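Peer 1: Letter by letter, the chains look like this.
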Amino acid sequence: MSSPLILLPGDEVPTDYLPSNGSAPLRLGPGLRLLSQAHPTPASTSKHVLTATQAGILSTDNKRNAVSILSSSNRRYIPTPNDLVIAQVHHSSVDYFYCMITPQSPHAVLGQLSFEGATKKTRPMLRGGDLVYARVLSTGLGAGAEVELACVNLATGKSEPGGLGPLNGGMVFDISTGMAARLIRASSASAEQQQVAGLVVLDELGKKLEKAGGFEIAVGRNGKVWVDCSNSEDHAVRTTVAIGRCLTTIDEHNLNPTDQRKLVTRVLREMKIES
Amino acid sequence: MASSAAVSTAPPALSLPPSQFARLQPHAYLLAHLSPPASSQQPSIRANGRAPSQFRVTSTNTGSLTHTNGSSVVRLGDTTAVCGIKAEILHTEDIASWSVSHSSSSSTPNKRRKLTNPTEKPGEDRQDGSDEVEDDDSYIEDFSLLVPNLSLSTGCAPGFIPGAPPSALAQSLSHRVLSLLHSSRLVRSEDLEIWYQRPNLGPEELERHNEDEQMDVDVEQDGSGSVGETREIKAFWVLYIDIMIISLAGNPFDAAWTAVLAALRDTKLPRAWWHADNETVICSDLVSEARRLSLRGLPVASSFRVFEADAASGWRAVIVPDAEEERKIAESDRKGIQRRWVLADPDGYEEGLAQERVCLVIDKDQRQNGKVVIVKMEKNGGFAVDRKELKELVAVSAQRWEEINKILGQC
Amino acid sequence: MGGPTASLHPLSRADGSASYRCPATGSNVLGSVNAPIELPGRRDALKPEDATIEVFVKPGTAPGGVGERHIEGILRDALSRIILGREKGYPRRGVVITLAIVGGDSIGRGASYLPILPALLHTSILALLSASVPLSMSISATILAVDSSGKIIREPSSADAAATASLHVLAFTSKGHLLLNESEGAFNFDTWERVYERALTICHGTSALGSDGDVAMTETVDSQPLEGLVRDTVEDRIHVEYAWKIDAA
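Residue numbers (full-length UniProt numbering), protein chains in the order written: chain A, 1 to 275; chain B, 1 to 411; chain C, 1 to 249.
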């Protein structure tokens, strides 16, 4: 990969940065648009030009033949289908739970029966303030459209990937949406891809807390991370807070892998959690 | 009008009367007028029948509101503005900051020099002399001596409902009128000042000094050095300029500003002086003694909108060429979605279709063979108008100045 | 005195925010952008295929007045031309830009808003960039004054601005188009053309656009072009946020 290219709105994407995967069509991600040339000049052979619409780093994926712009990591979460989010139940009606994904957006709906193995009798009884780990099913069209969530794959009736459903115990921490995306990549990918995301914190914490009983973590694309250490018995609360502190500090200060390791060691020592 | 030709190609069963086509597809309707098919031999004309740089018929009428000091009615096609000017007296003792600013103003000698200039008679011939001395008009701005207020009356256009607060448009227009009054320095501060000549010679002078303004000048000529302390401003005229748009069909600013101009030209202020015994300002009730304001020049506003062909086909975006490249494209080479038209004096229908607007306020300097002076130049909301286009628009506005000058001269 | 400075994302709650300070004119503006957001009611009044752009300007010390409505209209007209309100997720929703004038002289009734206009424009474009609102291009703006002898003063202080013959605010897009011009005071067209040349140099430097779309920045007598300031501010921020990615590459 050549040096990262930062684009501003209106800048053209140089053709040599695009993935050259021959026949397959190029997939355009967010932040880019295709413009047609109104005045074909002899100098430019192509009839079309790719320009950026947002400021950010040009990111290309040769495997999928995709190109997109990674913009500011602090931006607000905008629901897109298939994202995993941590939502908080606000109130419920006969058919739906109304959940908050971000405080400023209208409530998203989550069907009472869209849980694994849920029937009229066995559906979970969630109350206001309860947390669910859910997938965005659809976002609807236009203004005033409702975002629909589900904790189950409607085709198979299973919660896929595992772990969707109510989150009991634990604690939620706020992180930036960019950090959430990195955590998801880091936790789902193999070791070498973790290097790409630049995050070693989960590995490091995992190693150090193994003896203490380990921990459970769920990352929502909406900038929330849920941490639970109920296995650590007496240290449960302290360990949870320590993990949360590590994650939020790394997010805030954009720490590199070396500093992340140092931070984990320091926080665990400060909070008197033996490793 | 020309629209029948544009839609006549459709099969009869699907054809629409022009008025419906205009509502359903306003952009295409106007575009069809401006770019008639080459075969039809028709000129490019706007949907309202005007050529692109043609203004609507303008008419003015002044002095129709008898309870005001000056008034006017201006019609610009279907846009009608009524302006009434009421003068009220503001005593300097009622101005909180007066004592502070007054001491500083007495140290500005050019003001006094101007008033005592013996070659100059108040109220006339100032047009010629005003260039010599840079007038101090800070009073007008500091004490808000001009108070314009524009209201878009209920029902002047659809959507103006009774009881609504002043719309953002009305507030914005009020501000533009006020800031243009300030920046063009149209009204002279000295026209609004009410003076008191302190008697310093004897009881006879007390009676005499009020009789004629000319007398003031004589006295000062004699009194030379000590005059400064014997004259002081006791009050100001405040002009309340109320503009009402009773019918809005596009281009409210041109109509409002022309109405203000006409009304200010019509405004007569009664002769007023400070009466020391009563400690009040007294106005003369003689019509013959009332005098008109002597305005600085005649700044004329002309507004334009740019209609672009590509707004309707905006779903497929095209590259916006760099400004450098764009200048190379000759107007005649522009084809299809690249074409645009600068429309003078847009009506309400056109305003809804054209985003880019240009407003020019220009004056002609009578002393320098009618040299064009730009007083205000606003351009916003698009890329079509650049240097070359602005230069052409200044020329169009200069023609418009002649028109307005003639129209205002008649009333 | 130093040139203008800007920072991105000073506010954590807003979707995007920026602050901009220009020591020469004494203006200091803090702006936030929230987009896309659901607008209450009156949806049928809007263009269904486009986003609604709302601009609010809050003066620092003076009470609000009609002048703000006017400047809000100017900003809305200029920004609506570069915001791509038809991109996914934006039609029928709102882009709300709030600008607070934090420092500088208060603007009185009927006084000119031009001295603060470039700062307001820069703040809004930076805030829009930080909120990742889709834009067709970026802009830069400057204010120039011409005194009675015809000399052009760059970014006059408010005292200078009051004493000059004419004031000009010009905004150029990153492609060199004149997006906005607001001039007041007596002048002629030749003077304005000189102002135009100078403003273009201040905003863009004396650079020509390279064929690959990369702008080659040239240092000018007026120090760094303003276009470069917008670009550098954004690039610095992205470098910090994506340090992990850039380091890894």
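Because the hints were derived from the structure by calculation, they are not lab data.
On a predicted model such as this, the values are computed, not experimentally measured, just so you know.
Accuracy of the hints is not assured; some may be wrong.
[Said to hold, decoys possible] Simulated restraints on C-beta separations: (1) C:239 with A:139: 27 to 37 angstroms; (2) B:282 with C:193: 31 to 41 angstroms; (3) B:282 with C:3: 54 to 64 angstroms.
[To be verified] To list a few chain C residues with every Cβ distance to chain A over 10 angstroms, as calculated: (4) 2; (5) 34; (6) 36; (7) 54; (8) 60; (9) 63; (10) 160; (11) 188; (12) 191; (13) 196; (14) 197; (15) 231.
[What the hints assert, rightly or not] Footprint (simulated), chain C over chain B, 3 or more residues, beta carbon under 8 angstroms: (16) 237-244; (17) 370-382; (18) 386-393.
Each residue gets a CB set at the ideal place from its N, CA and C atoms; glycine is no exception.
Peer 1: Hint by hint, note whether the structure agrees.
Peer 2: Structure-based check of each hint:
no. : hint                                 : in the structure
1   : C:239 with A:139: 27 to 37 angstroms : holds, 32 angstroms
2   : B:282 with C:193: 31 to 41 angstroms : violated, 53 angstroms
3   : B:282 with C:3: 54 to 64 angstroms   : holds, 58 angstroms
4   : 2                                    : holds, 24 angstroms
5   : 34                                   : violated, 8 angstroms
6   : 36                                   : violated, 8 angstroms
7   : 54                                   : holds, 14 angstroms
8   : 60                                   : holds, 26 angstroms
9   : 63                                   : holds, 29 angstroms
10  : 160                                  : holds, 32 angstroms
11  : 188                                  : holds, 33 angstroms
12  : 191                                  : holds, 30 angstroms
13  : 196                                  : holds, 21 angstroms
14  : 197                                  : holds, 23 angstroms
15  : 231                                  : violated, 6 angstroms
16  : 237-244                              : violated (count 0)
17  : 370-382                              : holds (count 12)
18  : 386-393                              : holds (count 4)
Checked against the numbered hints given earlier, the structure breaks hints 2, 5, 6, 15 and 16 and satisfies all the rest.
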